[in-house]
Amino acid sequence: MTRRILLVEDNELNRDMLSRRLIRAGFAVTFAQDGQEAVDAAFRDAPDLVLMDLGLPVLDGWEATRQIRARGWAGPIIALTAHAMSGERERALAAGCDDFDTKPVDIARLLEKMRALLPES
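Going by my numbering, the sequence shown runs without a break in its numbering and finishes at 288.
Check before you lean on any hint, since a few could be wrong.
Said to hold, decoys possible - Derived SDA-like pairs: lysine to any residue, alpha-carbon spacing no greater than 25 Å straight-line:
1. K270 with M168
2. K270 with M252
3. K270 with S253
4. K270 with T197
5. K270 with G242
6. K270 with P243
7. K270 with M184
8. K280 with A213
9. K270 with G193
10. K280 with E255
11. K270 with R170
12. K270 with R258
Hints were generated in silico from the structure; no laboratory data involved.
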(Lines of atoms letter the chains of each structure in order from A and count residues from 1; the text may use other names and numbers.)
(Lines give C-alpha, C1' and ligand atoms only; values in the text may rest on other atoms or scores of the structure.)
Protein backbone atom coordinates (compact mmCIF):
# COMPACT_ATOMS: atom_id res chain seq x y z
CA MET A 1 0.00 0.00 0.00
CA THR A 2 1.43 3.36 -1.02
CA ARG A 3 1.37 5.90 1.79
CA ARG A 4 0.00 9.37 0.95
CA ILE A 5 1.94 12.39 2.13
CA LEU A 6 0.57 15.93 2.16
CA LEU A 7 3.57 18.21 1.63
CA VAL A 8 2.76 21.74 2.79
CA GLU A 9 5.47 24.03 1.43
CA ASP A 10 5.25 27.49 -0.13
CA ASN A 11 8.75 27.44 -1.68
CA GLU A 12 8.62 25.82 -5.11
CA LEU A 13 12.25 24.63 -5.07
CA ASN A 14 11.85 23.02 -1.64
CA ARG A 15 8.56 21.44 -2.70
CA ASP A 16 10.10 20.00 -5.88
CA MET A 17 13.24 18.65 -4.20
CA LEU A 18 11.46 17.09 -1.26
CA SER A 19 8.60 15.62 -3.31
CA ARG A 20 11.05 13.91 -5.70
CA ARG A 21 12.86 12.33 -2.75
CA LEU A 22 9.60 11.21 -1.13
CA ILE A 23 8.34 9.70 -4.39
CA ARG A 24 11.66 7.86 -4.79
CA ALA A 25 11.16 6.50 -1.26
CA GLY A 26 7.80 5.05 -2.34
CA PHE A 27 5.31 7.68 -1.16
CA ALA A 28 2.51 9.36 -3.11
CA VAL A 29 2.67 13.13 -2.62
CA THR A 30 0.02 15.84 -2.76
CA PHE A 31 0.70 19.51 -2.14
CA ALA A 32 -0.56 22.60 -0.39
CA GLN A 33 1.16 25.98 -0.77
CA ASP A 34 -0.36 27.85 2.17
CA GLY A 35 -1.94 27.10 5.52
CA GLN A 36 -5.54 27.35 4.35
CA GLU A 37 -4.85 24.94 1.47
CA ALA A 38 -3.27 22.60 4.04
CA VAL A 39 -6.39 22.59 6.21
CA ASP A 40 -8.59 21.87 3.19
CA ALA A 41 -6.25 19.21 1.76
CA ALA A 42 -5.93 17.33 5.05
CA PHE A 43 -9.61 16.45 4.75
CA ARG A 44 -9.98 16.33 0.97
CA ASP A 45 -6.92 14.18 0.19
CA ALA A 46 -6.95 11.91 3.28
CA PRO A 47 -3.16 11.77 3.65
CA ASP A 48 -1.45 9.29 5.92
CA LEU A 49 0.96 11.98 7.15
CA VAL A 50 1.40 15.75 6.80
CA LEU A 51 4.74 17.51 6.41
CA MET A 52 3.94 21.05 7.57
CA ASP A 53 6.16 24.02 6.79
CA LEU A 54 5.69 26.51 9.60
CA GLY A 55 6.43 29.74 7.71
CA LEU A 56 3.44 29.83 5.37
CA PRO A 57 1.28 32.56 3.84
CA VAL A 58 -2.45 32.96 4.58
CA LEU A 59 -2.30 30.78 7.74
CA ASP A 60 1.07 29.91 9.24
CA GLY A 61 1.86 26.27 9.92
CA TRP A 62 1.12 26.54 13.62
CA GLU A 63 -2.42 27.86 13.00
CA ALA A 64 -3.04 25.43 10.14
CA THR A 65 -2.04 22.56 12.45
CA ARG A 66 -4.32 23.84 15.23
CA GLN A 67 -7.25 24.06 12.78
CA ILE A 68 -6.58 20.58 11.37
CA ARG A 69 -6.54 19.14 14.90
CA ALA A 70 -9.61 21.14 15.97
CA ARG A 71 -11.55 19.65 13.03
CA GLY A 72 -10.64 16.14 14.17
CA TRP A 73 -7.84 15.00 11.85
CA ALA A 74 -5.71 12.71 14.01
CA GLY A 75 -2.95 11.59 11.62
CA PRO A 76 0.70 12.42 12.20
CA ILE A 77 2.04 15.89 11.40
CA ILE A 78 5.75 16.69 11.22
CA ALA A 79 6.69 20.37 11.38
CA LEU A 80 9.42 21.55 9.01
CA THR A 81 11.21 24.85 9.49
CA ALA A 82 14.38 26.65 8.51
CA HIS A 83 14.10 28.63 11.76
CA ALA A 84 15.39 26.19 14.34
CA MET A 85 15.42 28.73 17.13
CA SER A 86 15.04 27.81 20.76
CA GLY A 87 11.42 27.00 21.57
CA GLU A 88 10.31 26.28 18.00
CA ARG A 89 10.04 22.52 18.57
CA GLU A 90 7.99 23.03 21.74
CA ARG A 91 5.76 25.56 19.98
CA ALA A 92 5.16 23.14 17.09
CA LEU A 93 4.35 20.26 19.43
CA ALA A 94 2.02 22.50 21.43
CA ALA A 95 0.16 23.39 18.21
CA GLY A 96 -0.48 19.68 17.56
CA CYS A 97 2.52 18.45 15.59
CA ASP A 98 3.85 14.99 16.42
CA ASP A 99 7.46 15.72 15.53
CA PHE A 100 9.73 18.48 14.26
CA ASP A 101 12.55 18.65 11.72
CA THR A 102 14.74 21.39 10.32
CA LYS A 103 15.57 22.57 6.83
CA PRO A 104 17.54 21.94 4.84
CA VAL A 105 15.97 18.52 5.23
CA ASP A 106 18.19 15.53 5.97
CA ILE A 107 16.08 13.04 3.99
CA ALA A 108 17.33 9.95 5.84
CA ARG A 109 16.48 11.50 9.21
CA LEU A 110 13.08 12.71 7.95
CA LEU A 111 12.19 9.30 6.49
CA GLU A 112 13.11 7.68 9.81
CA LYS A 113 10.77 10.06 11.65
CA MET A 114 7.99 9.49 9.12
CA ARG A 115 8.25 5.70 9.34
CA ALA A 116 8.22 5.87 13.14
CA LEU A 117 4.89 7.73 13.01
CA LEU A 118 3.22 5.65 10.29
CA PRO A 119 1.60 2.42 11.49
CA GLU A 120 2.68 -0.71 9.68
CA SER A 121 0.39 -1.59 6.80
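Status of the hints after comparison with the structure:
1. For the given pair, K270 sits about 28 Å from M168 by alpha-carbon distance, which is inconsistent with the 25 Å threshold.
2. For the proposed pair K270 and M252, the alpha carbon gap of about 12 Å is at most 25 Å, so the pair holds.
3. The hinted pair formed by K270 and S253 meets the criterion: a straight-line CA distance of about 15 Å does not exceed 25 Å.
4. Our distance criterion of 25 Å between C-alpha atoms is met by K270 and T197, whose separation comes to about 19 Å.
5. Straight-line distance between C-alpha atoms of K270 and G242 comes to about 22 Å, which keeps the hinted pair within the 25 Å bound.
6. This hinted pair checks out: K270 and P243 have alpha carbons roughly 19 Å apart, not beyond 25 Å.
7. Between K270 and M184 the CA atoms are separated by roughly 12 Å; this keeps the pair inside 25 Å, and the hint holds.
8. For a cut-off of 25 Å, the pair hint linking K280 to A213 stands: about 20 Å separates their Cα positions.
9. The suggested pairing of K270 with G193 holds, with an alpha-carbon distance near 21 Å, which does not exceed 25 Å.
10. Annotation: proposed proximity of K280 to E255 holds, straight-line Cα distance about 17 Å (limit 25 Å).
11. Pair hint K270 plus R170 holds up; C-alpha atoms about 22 Å apart against a cutoff of 25 Å.
12. Between the alpha carbons of K270 and R258 the distance comes to roughly 17 Å, so the proposed pair stays at or under 25 Å and holds.
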